[in-house]
Structures are given as structure tokens and as C-alpha cells.
Amino acid sequence: MRRRAALLAEARAFFGERGYLEVETPVLARAGAADAQLAQFALNDPVLGTLYLQTSPEYAMKRLIMAGSGSIFQITKAFRQGEVGRFHNPEFTLVEWYGLGYDHRRLIAEACALIARLVPSLQASARIISYRDAFRDALNIDPIEDPTDRLRAVAYDCLAPARKLTLDDRDEILDLLMSHAVAPGFATKALTVVTDYPASQASLARLNAQGLADRFEIYRGSLELANGFHEASRAEEYAERFAREAAKRRERGLPSIDPDHRLLAALTQGRLPDCAGCALGFDRVLMLAMDAAHIDEVLAFPIAQA
Amino acid sequence: MTTYSTNEFKSGLKIMLDADPCAIIENEFVKPGKGQAFNRVRIRNLKTGRVVERTFKSGDTVEGADVVDVEMQYLYSDGEFWYFMSPETYEQLGADKTAVGDAAKWLKEQALCLLTLWNGVPLSVTAPVHVVLKVADTDPGVRGDTSGGGGKPATLETGAVVRVPLFINVGDSLKINTETGEYIARAKE
Numbered sequence: 001m002r003r004r005a006a007l008l009a010e011a012r013a014f015f016g017e018r019g020y021l022e023v024e025t026p027v028l029a030r031a032g033a034a035d036a037q038l039a040q041f042a043l044n045d046p047v048l049g050t051l052y053l054q055t056s057p058e059y060a061m062k063r064l065i066m067a068g069s070g071s072i073f074q075i076t077k078a079f080r081q082g083e084v085g086r087f088h089n090p091e092f093t094l095v096e097w098y099g100l101g102y103d104h105r106r107l108i109a110e111a112c113a114l115i116a117r118l119v120p121s122l123q124a125s126a127r128i129i130s131y132r133d134a135f136r137d138a139l140n141i142d143p144i145e146d147p148t149d150r151l152r153a154v155a156y157d158c159l160a161p162a163r164k165l166t167l168d169d170r171d172e173i174l175d176l177l178m179s180h181a182v183a184p185g186f187a188t189k190a191l192t193v194v195t196d197y198p199a200s201q202a203s204l205a206r207l208n209a210q211g212l213a214d215r216f217e218i219y220r221g222s223l224e225l226a227n228g229f230h231e232a233s234r235a236e237e238y239a240e241r242f243a244r245e246a247a248k249r250r251e252r253g254l255p256s257i258d259p260d261h262r263l264l265a266a267l268t269q270g271r272l273p274d275c276a277g278c279a280l281g282f283d284r285v286l287m288l289a290m291d292a293a294h295i296d297e298v299l300a301f302p303i304a305q306a
Numbered sequence: 001m002t003t004y005s006t007n008e009f010k011s012g013l014k015i016m017l018d019a020d021p022c023a024i025i026e027n028e029f030v031k032p033g034k035g036q037a038f039n040r041v042r043i044r045n046l047k048t049g050r051v052v053e054r055t056f057k058s059g060d061t062v063e064g065a066d067v068v069d070v071e072m073q074y075l076y077s078d079g080e081f082w083y084f085m086s087p088e089t090y091e092q093l094g095a096d097k098t099a100v101g102d103a104a105k106w107l108k109e110q111a112l113c114l115l116t117l118w119n120g121v122p123l124s125v126t127a128p129v130h131v132v133l134k135v136a137d138t139d140p141g142v143r144g145d146t147s148g149g150g151g152k153p154a155t156l157e158t159g160a161v162v163r164v165p166l167f168i169n170v171g172d173s174l175k176i177n178t179e180t181g182e183y184i185a186r187a188k189e
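Listed in order, the protein sequences are those of chains A and B.
The first sequence runs 1 to 306 under the numbering used here.
The second sequence runs 1 to 189 under the numbering used here.
By construction, these hints were calculated from the structure, which means they are not laboratory data.
Wrong hints could be hidden among the right ones.
Unchecked claim - In silico SDA-like cross-links for lysine to any residue, where the CA-CA straight-line distance does not exceed 25 Å:
id, chain 1, residue 1, chain 2, residue 2
1, B, Lys47, B, Gly33
2, B, Lys34, A, Ala9
3, B, Lys97, B, Thr158
4, A, Lys248, B, Thr61
5, A, Lys164, B, Val51
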């Protein structure tokens, strides 16, 4: 708990020195996350109807930026259903920030500097590698160009425990390979930053000239610490990405989530100012700082005791 | 039959996998923040004892295995089956050679064993950790040598062969650890 308090103070100092404004946005909101991979807690209020515990403060923070907040950061609780494990607790602490005028490259440097300050035992220099090269190095396949059949064949071939899985979805295969075969090869004493994601995994990142997403993930070993984007800025991009996630939800028989109309409305009034944003899993950073093997060790009351 | 979803996975859970009953040893939840969640599971096949790793997509369901552990008393063997009786219900069960496995060499009448049953049929038999057995055959004891150094093989009444100190004689009762197969001490009658 003391260590948590010290690192929270350290993170606030880091953003303060860089001119970020600390903000708070609702944890309970009418809009839920579009992302088909996130299961959210829905609550029913007799007056207000369905409300969602937020899986991240992204939409609300973008609305603040559109309202002219400038660069902002937030340290908040986020909630994701069914996520319990060594590195997951359904309620967790996110550090999320948006640098105005930043692209993802500049944000990567800042995110690595923050992590290095919170976890001094990590080697200072991070390795930056594209999604494509990470797959090429580990498995000798091209995750962007190779046909899905080849990716599936490699998954079945090199991951015996996954042989019984039906793998229809290309991104599912890529996620499987990334989490089981590629990321486990990342350095354990330094950070690895993966960039240039396939467009299908762009989420809300903008696409670059090569048709890849300006998205990055920061890993320590196979542990994912942070995810960031050079943010898409146009209303059409958001509407299209939300629609794509909604289609995935229908396909998988998941409950439909209304898109965030307020964010979309704000975007039709004008673009999101050029910015890059990053979400950092604070509890995992604390785990690294304390050399903890299980997330429960860094929580006052893990979900089983909450 | 009960089914379990991956989010009910925990160590000790008994599930069916490829038509064999298995026990989960370790379950790890793996999920990229923006991607598909998986459960990486280490599983022991309760028939073969082999440990395998298996990956499931989170949310998948598997059939539960009707596997229970019961304490039963060993009665006798007819060479093909080893018969056990429940001290509570007096129900009798025969376990075949595969199920009894290595436990066979430690079994003496009335020993209280742990039987793992799958759909009521014995899958495996675990002998008590400590058993007391008589020496049926060994080289004559060396008087005065109580150091325990050296040692010699001794055949016990159940046929098991263990290494014992030199001073042990035929007819002595010995306390044995069945997990390691090692001699612990001489037992008083």
C-alpha cells in the first residue's frame, strides 16, 4: 500500500512536470465500450436505465479534449468482466493520458520514460519493433500479408495445446500466436514496444500510409503493460470502427452496446485535435516494481476478498 | 452431466478431455487488452497420469468428469482384481491392474486406501503413505551394526523390495514410506 501510494505520487509528479492537467471522468456512464473483446458490467438504474462501469476513460477524455482541455491525464478505476488471473482483476487501476500535438512515436518515448521512472530496475533502453517484424523473428511468418490458412497452420503446428481449437477468425489466430509464441520471447529485463498493428486491430488508432495502425503496445517479457494510439480524429472513422465492433458482437451473440452518441456528436462538430493517447495498467507496473508474482499481492482486497 | 465454462476453471477441477477424465493442475488466464482471451491450462489425465498443456478460448465450455476420491479398505486380490470395501457403506469394488498400478506392492489386508472413482469405476488407487510390513526374505542381520550405513535389499510380505539397514532380520516389522519406497524405521509389534 505504501509502495502504491509512492508510485501514484511519482506518476502525478511525472505528468505535472510535463504540463498535463489531471482530470476525472465518470466511472459509471450511459455509454459502454464498443470493443467486442471487452465484457462490461451493466447496471440497471430504475430511473436512468442501463449504465455501464467503464472499461477505460477513453471516450470521456476525448470529449474533454474536444472541449479544449489541452493535454490531460487521469488515474482511475476501470472494470472488465470475467478477467481474473495472475495479471487480471475485474476492477483495476488505469493511468490514461493524452498528449496534444503528439504522435505515437513521441508518446512511446514518454510512456517508456514513465515506466522507467516507476520501475527503476528495468533497463533504460526499450526495443521498438513492428508487429510484422516481431512475428517474422519469432515464427518466420508475415502477420500482415500471409493468408489466414498459413497463419492457422503455423498456430496448429507450433502450439500443440491449441490443436483442438477452431480458429476461424484471423485476429483470433494472431492473438493466439502473439500471446503464446511471440510475446513470450520478449526481453524480461527491458521493455519491448510493438508498433504498426494490422488495420483489423487498429481499435481507435489512425491508419498510416502503409495501411497499418499507428498503435503500440508496451511489453515487459510477455506481460502487456500499456496500449497507445496516434488517435483517429474524424467522426467517420469512429462511426466505422464502432460499427465493425457492433457487427462482431452480433456475430458472436454478445449483447449489443449503444455507441457513444455524445462522442460521435462532438466529433461531427469538429475533428479530435491531433493527439496521441496511452493507457497503462498501473497494478502491473506496481507488480514489476515490487517483484510480485500475482496481481493479488499488490491489491489491498483482490476480488476474492472484495 | 455438468459443464464448466473456462471462467470456472481452477486447480483440482475434474473435466473430460478427449473422452478421458482429467484434473486441472494449473489455469492461467491470458488476454491481450484488445484481443481474444485464452485459458492456458495444465491438465493431468487421470487414466494415464500424463500431464498435458491445453489452450482454450475463454468462454468455451467443457464437460465435467464424475470423478470422486473415496477411502476404502483393501480386502484381497484374486490376481486379476484387487477388491476394496467402503467402511461406511460396506459396498465392494474391484480395481484392475492398471488402476492399482504400483500401489499393489504395498497392499496388505485392511489397509485404508484412497480410490479415485470415475463413474463409479476405480481409476487409481493410492496406498497409505505409511505402511507397516513384515520382512519375508533378506540376508541374515549383522549384529551390532545399527549405523544404518550400507544396507541391503529386503523382500517384504507383499512382494515389495526395499533397501534396509544391515541389522534387519526376517520377520521384523518395518515402517515404509510408500511415496518414496523408503524404509523409515523398525516398527514395534
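- Please name the hints from earlier in the document that this structure breaks, with their numbers sorted from lowest to highest. 1 and 2
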